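Required output: the full structure, derived from the provided sequences and hints.
Chains S and X are the protein sequences, given in the same order.
Throughout the first sequence, residue numbering follows my numbering, covering 20 to 377 in sequence.
Throughout the second sequence, residue numbering follows my numbering, covering 15 to 256 in sequence.
No wet-lab data here; the hints were simulated from the structure.
Everything numeric in this text was worked out from a predicted model, so none of it was measured.
Do not take every clue at face value.
[What the hints assert, rightly or not] Below 25 Å or equal to it, Euclidean Cα-Cα: the simulated DMTMM-like pairs (lysine to aspartate or glutamate) are:
(1) S:LYS39 <-> X:ASP202
(2) S:LYS354 <-> S:ASP40
(3) S:LYS263 <-> S:ASP318
(4) S:LYS41 <-> X:GLU79
(5) X:LYS213 <-> S:ASP251
(6) S:LYS287 <-> S:ASP271
(7) S:LYS41 <-> X:ASP240
(8) S:LYS39 <-> X:GLU117
(9) X:LYS217 <-> S:ASP40
(10) S:LYS338 <-> S:ASP82
(11) S:LYS189 <-> S:GLU377
(12) S:LYS293 <-> S:GLU311
(13) S:LYS106 <-> S:ASP205
(14) S:LYS41 <-> X:ASP202
(15) S:LYS39 <-> X:GLU225
(16) S:LYS248 <-> X:ASP235
(17) S:LYS213 <-> S:ASP56
(18) S:LYS213 <-> S:ASP271
(19) S:LYS218 <-> X:GLU79
(20) X:LYS85 <-> X:ASP202
(21) S:LYS195 <-> S:ASP251
(22) X:LYS217 <-> S:GLU50
(23) S:LYS226 <-> S:ASP205
(24) S:LYS41 <-> X:ASP235
(25) S:LYS41 <-> X:GLU225
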Amino acid sequence: MKQLYLLFLIGAVALGCGDKDKYLYTQIPTEVVLNTDTKVLIKDNSIMYVRLDSGNIIRGITDKVAFTTTDQFKSFAYGGYSVGTAKTPYNYDRNTIVVGTGTSTAPVVYYSFDYGSTWASAAPAFSPVINTSGFYSTELVSVSYIDSNNLMLAYQQKSYTTADSRKFYKLNLTTKVATRVSYFDDAFQPITIKFTDKKTGWMLLYKNSSYSTFMSKTLDTGRTWSTPKAIDNRYITGLQTGTKGNMCAIEDFGNAYMSTDSGVTWKKPSTDIKLTHAYMVNQSVIYGVTGESLLKSTDTGVTWNTVSSTGYEYINMKKLHFQDAQNGVMFGDQKLYITADGGVTWNVLLYPYPYILE
Amino acid sequence: MKTLCIRCVLWVFSVLFIQHAAQAQAQVTPPVLIENGNPKKPKVKKQWRFAVDIDAGFASPANAELSDVFKGGLNASVGVKTAFLKNKLWVRPLAGLKYYWKEVELGQSRREAFRTWKAGFELQYKAFTLNKFSFFPIIRADQNWSVSQFTKIADEKLNDVVLQTTDKVLTGSGVSFDAGIMVVRSGDLYVKLDYEYYKPDLKVNPELVREMLAAGFIMPDHKVYDCSSINLSVGVNLNFKK
Numbered sequence: 020m021k022q023l024y025l026l027f028l029i030g031a032v033a034l035g036c037g038d039k040d041k042y043l044y045t046q047i048p049t050e051v052v053l054n055t056d057t058k059v060l061i062k063d064n065s066i067m068y069v070r071l072d073s074g075n076i077i078r079g080i081t082d083k084v085a086f087t088t089t090d091q092f093k094s095f096a097y098g099g100y101s102v103g104t105a106k107t108p109y110n111y112d113r114n115t116i117v118v119g120t121g122t123s124t125a126p127v128v129y130y131s132f133d134y135g136s137t138w139a140s141a142a143p144a145f146s147p148v149i150n151t152s153g154f155y156s157t158e159l160v161s162v163s164y165i166d167s168n169n170l171m172l173a174y175q176q177k178s179y180t181t182a183d184s185r186k187f188y189k190l191n192l193t194t195k196v197a198t199r200v201s202y203f204d205d206a207f208q209p210i211t212i213k214f215t216d217k218k219t220g221w222m223l224l225y226k227n228s229s230y231s232t233f234m235s236k237t238l239d240t241g242r243t244w245s246t247p248k249a250i251d252n253r254y255i256t257g258l259q260t261g262t263k264g265n266m267c268a269i270e271d272f273g274n275a276y277m278s279t280d281s282g283v284t285w286k287k288p289s290t291d292i293k294l295t296h297a298y299m300v301n302q303s304v305i306y307g308v309t310g311e312s313l314l315k316s317t318d319t320g321v322t323w324n325t326v327s328s329t330g331y332e333y334i335n336m337k338k339l340h341f342q343d344a345q346n347g348v349m350f351g352d353q354k355l356y357i358t359a360d361g362g363v364t365w366n367v368l369l370y371p372y373p374y375i376l377e
Numbered sequence: 015m016k017t018l019c020i021r022c023v024l025w026v027f028s029v030l031f032i033q034h035a036a037q038a039q040a041q042v043t044p045p046v047l048i049e050n051g052n053p054k055k056p057k058v059k060k061q062w063r064f065a066v067d068i069d070a071g072f073a074s075p076a077n078a079e080l081s082d083v084f085k086g087g088l089n090a091s092v093g094v095k096t097a098f099l100k101n102k103l104w105v106r107p108l109a110g111l112k113y114y115w116k117e118v119e120l121g122q123s124r125r126e127a128f129r130t131w132k133a134g135f136e137l138q139y140k141a142f143t144l145n146k147f148s149f150f151p152i153i154r155a156d157q158n159w160s161v162s163q164f165t166k167i168a169d170e171k172l173n174d175v176v177l178q179t180t181d182k183v184l185t186g187s188g189v190s191f192d193a194g195i196m197v198v199r200s201g202d203l204y205v206k207l208d209y210e211y212y213k214p215d216l217k218v219n220p221e222l223v224r225e226m227l228a229a230g231f232i233m234p235d236h237k238v239y240d241c242s243s244i245n246l247s248v249g250v251n252l253n254f255k256k
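In structure tokens, the structure reads:
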């Protein structure tokens with residue numbers, strides 16, 4: 020019997036023991052949600068732009084690489100790129116990305132016509148040379164795509180004695196010559212320009228004295244511009260142009276404004292909202308993301324309804340892109356989500372999970 | 015908890031001792047009828063025999079799936095049994111418990127426990143007797159209700175808690191089958207060694223599935239676990255007659 024008691028004693032000692040790093044639930048085999056190879060896209064990187072095109076092709080750039088996938092990152096192609104320190108915001112127009120680097124008076128313009136995969140640069144020779152005398156600051160504020168051979172450079176010069184000046188140069192990418200096409204000394208500050216064809220373009224302008232953002236239009240590649248039309252007493256920086264005169268102007272962390280008549284009249288939300296970003300799918304559908312939820316408007320931006328508000332990190336989302344009313348992506352820093360049901364549910368495509376960053 | 019288990023084992027021995035003492039007090043000589051100066055064989059009447067078996071012991075997981083997590087557990091059962099076939103076959107309806115546990119660090123001190131309540135029948139057949147030992151092959155079938163959960167064992171407030179789910183992590187039920195041998199000494203103390211086959215389909219708490227998904231892992235909502243074990247128990251047999 021003594022041996023039996025000893026056996027039970029040994030058993031009693033074993034009670035309450037086990038591998039401290041293993042749990043019953045960790046015995047369940049799990050699958051990783053994401054392809055671990057996506058580490059190269061997000062580690063020490065920040066997503067700058069992503070678009071979802073037909074055929075479920077996702078293209079985008081981070082601050083170091085450009086990427087493309089057709090199967091939601093089960094496989095993907097990517098390539099590194101390098102541009103100088105950005106002086107202007109990146110300007111995205113379908114497959115084109117342009118950005119100004121260098122200094123304002125001696126800029127180097129980088130441009131890509133294949134979604135950021137390959138880049139070229141141009142150091143323009145200005146005609147006439149930018150005159151900085153009499154101005155306490157000269158700033159290149161925007162570089163915009165006109166067509167595959169021309170870009171538009173918008174300058175703002177500030178003066179103590181006279182009204183602030185804005186100047187527009189058309190850069191020929193073949194000759195590398197930037198020719199001034201127009202200038203105005205009217206204290207309007209250019210914010211961004213979008214061309215819908217090689218002649219027609221729209222420009223957002225801000226005027227300090229009226230604390231308002233305006234819209235101006237050109238039909239001759241920037242030689243003449245229409246009288247600025249006030250949108251609202253806000254500082255509006257985002258501009259999206261659509262078909263049939265549909266336009267959307269987006270305030271930073273604020274409202275989205277919609278025009279269906281090429282910027283002649285504007286509609287705004289019936290109550291102020293704090294949109295991080297908005298995307299106009301068409302005249303009747305606009306999506307907007309706030310820090311708490313995804314919103315949708317189907318009446319040209321007047322009323323907004325919550326599509327979803329829980330389960331996703333809206334607070335970390337910075338931009339939206341929708342291919343149509345159902346399919347779209349939202350992203351911010353190292354996170355990218357995709358939806359196929361108009362934003363009700365989202366699937367994660369890129370995310371800095373610990374096993375991704377390891 | 016180790017202390018608790020040792021106490022459980024000691025309880026069994028204590029009960030055995032009490033029963034021994036009671037039996038020693040109650041031993042009487044069987045009555046002999048005398049008729050016309052000749053002893054007469056008493057009339058034999060069928061008597062139902064009943065007994066209560068209480069046992070507790072050690073359960074050792076027989077599969078790496080469970081033994082990687084728990085090295086051993088507590089196994090206990092109690093049941094009333096009655097005899098058939100000239101007291102050779104005993105049928106024992108029973109209730110039991112199997113309990114595995116260990117203390118873990120999941121950002122805070124917790125106890126992981128896997129508890130299975132049992133209800134079933136056991137058949138014991140007295141195969142042969144050697145000296146004062148009787149050998150009973152046994153078979154048993156149980157309906158089981160299992161649950162695995164983490165409980166906080168310290169009131170720590172930490173930000174880096176690895177697992178948020180504190181409710182029942184896994185739940186499920188199923189039938190188990192045992193086969194083994196029971197050695198009874200002098201009709202009171204017994205030792206039982208058996209193998210239990212138990213493969214329940216345990217459902218994962220949906221909250222944990224969501225938590226894992228948020229961490230970037232797809233976890234199935236259920237899994238069949240091999241919870242088979244080898245059990246060694248010591249018990250007492252409390253006999254009484256109707």
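Hints, verified against the model:
1. With a C-alpha separation of about 40 Å, the suggested pairing of S:LYS39 with X:ASP202 is violated against the 25 Å cut-off.
2. As the CA atoms of S:LYS354 and S:ASP40 are separated by approximately 30 Å, the hinted pair breaks the 25 Å bound.
3. For the hint linking S:LYS263 to S:ASP318, the alpha-carbon distance of about 16 Å falls within 25 Å, and the restraint holds.
4. Between the alpha carbons of S:LYS41 and X:GLU79 the distance comes to roughly 10 Å, so the proposed pair stays at or under 25 Å and holds.
5. A threshold of 25 Å between alpha carbons decides the hint, and for X:LYS213 with S:ASP251 the separation of about 68 Å lies outside it, so the pair is violated.
6. For the given pair, S:LYS287 sits about 14 Å from S:ASP271 by alpha-carbon distance, which is consistent with the 25 Å threshold.
7. With a CA separation close to 16 Å, the supplied pair S:LYS41 and X:ASP240 stays within the 25 Å bound.
8. A threshold of 25 Å between alpha carbons decides the hint, and for S:LYS39 with X:GLU117 the separation of about 8 Å falls inside it, so the pair holds.
9. Distance hint between X:LYS217 and S:ASP40 is fulfilled; the C-alpha atoms sit about 22 Å from each other, no more than 25 Å.
10. For a cut-off of 25 Å, the pair hint linking S:LYS338 to S:ASP82 stands: about 15 Å separates their Cα positions.
11. Taking the CA atoms of S:LYS189 and S:GLU377, the gap is about 47 Å. The hint is violated against a cut of 25 Å.
12. A C-alpha spacing of about 10 Å is found between S:LYS293 and S:GLU311, which places the hinted pair at or below 25 Å, so the restraint holds.
13. For a cut-off of 25 Å, the pair hint linking S:LYS106 to S:ASP205 stands: about 24 Å separates their Cα positions.
14. Proximity of S:LYS41 to X:ASP202 is assessed by CA-CA distance (about 41 Å); at most 25 Å being required, the pair is judged violated.
15. As the CA atoms of S:LYS39 and X:GLU225 are separated by approximately 21 Å, the hinted pair is consistent with the 25 Å bound.
16. For the proposed pair S:LYS248 and X:ASP235, the alpha carbon gap of about 58 Å is over 25 Å, so the pair is violated.
17. A C-alpha spacing of about 36 Å is found between S:LYS213 and S:ASP56, which places the hinted pair above 25 Å, so the restraint is violated.
18. As the CA atoms of S:LYS213 and S:ASP271 are separated by approximately 18 Å, the hinted pair is consistent with the 25 Å bound.
19. Only pairs whose Cα atoms come within 25 Å are accepted, and S:LYS218 paired with X:GLU79 is rejected, the gap being roughly 71 Å.
20. The hinted pair formed by X:LYS85 and X:ASP202 fails the criterion: a straight-line CA distance of about 30 Å is larger than 25 Å.
21. A distance of roughly 37 Å separates the Cα atoms of S:LYS195 and S:ASP251; the hinted pair therefore is violated under the 25 Å criterion.
22. Proximity of X:LYS217 to S:GLU50 is assessed by CA-CA distance (about 17 Å); at most 25 Å being required, the pair is judged to hold.
23. Proposed proximity of S:LYS226 and S:ASP205 is supported: the alpha carbons are some 9 Å apart, at most 25 Å.
24. With a CA separation close to 19 Å, the supplied pair S:LYS41 and X:ASP235 stays within the 25 Å bound.
25. Taking the CA atoms of S:LYS41 and X:GLU225, the gap is near 18 Å; set against the 25 Å cutoff, the hint holds.
When the structure is compared with the earlier hints, violations turn up for hints 1, 2, 5, 11, 14, 16, 17, 19, 20, 21 and for no others.
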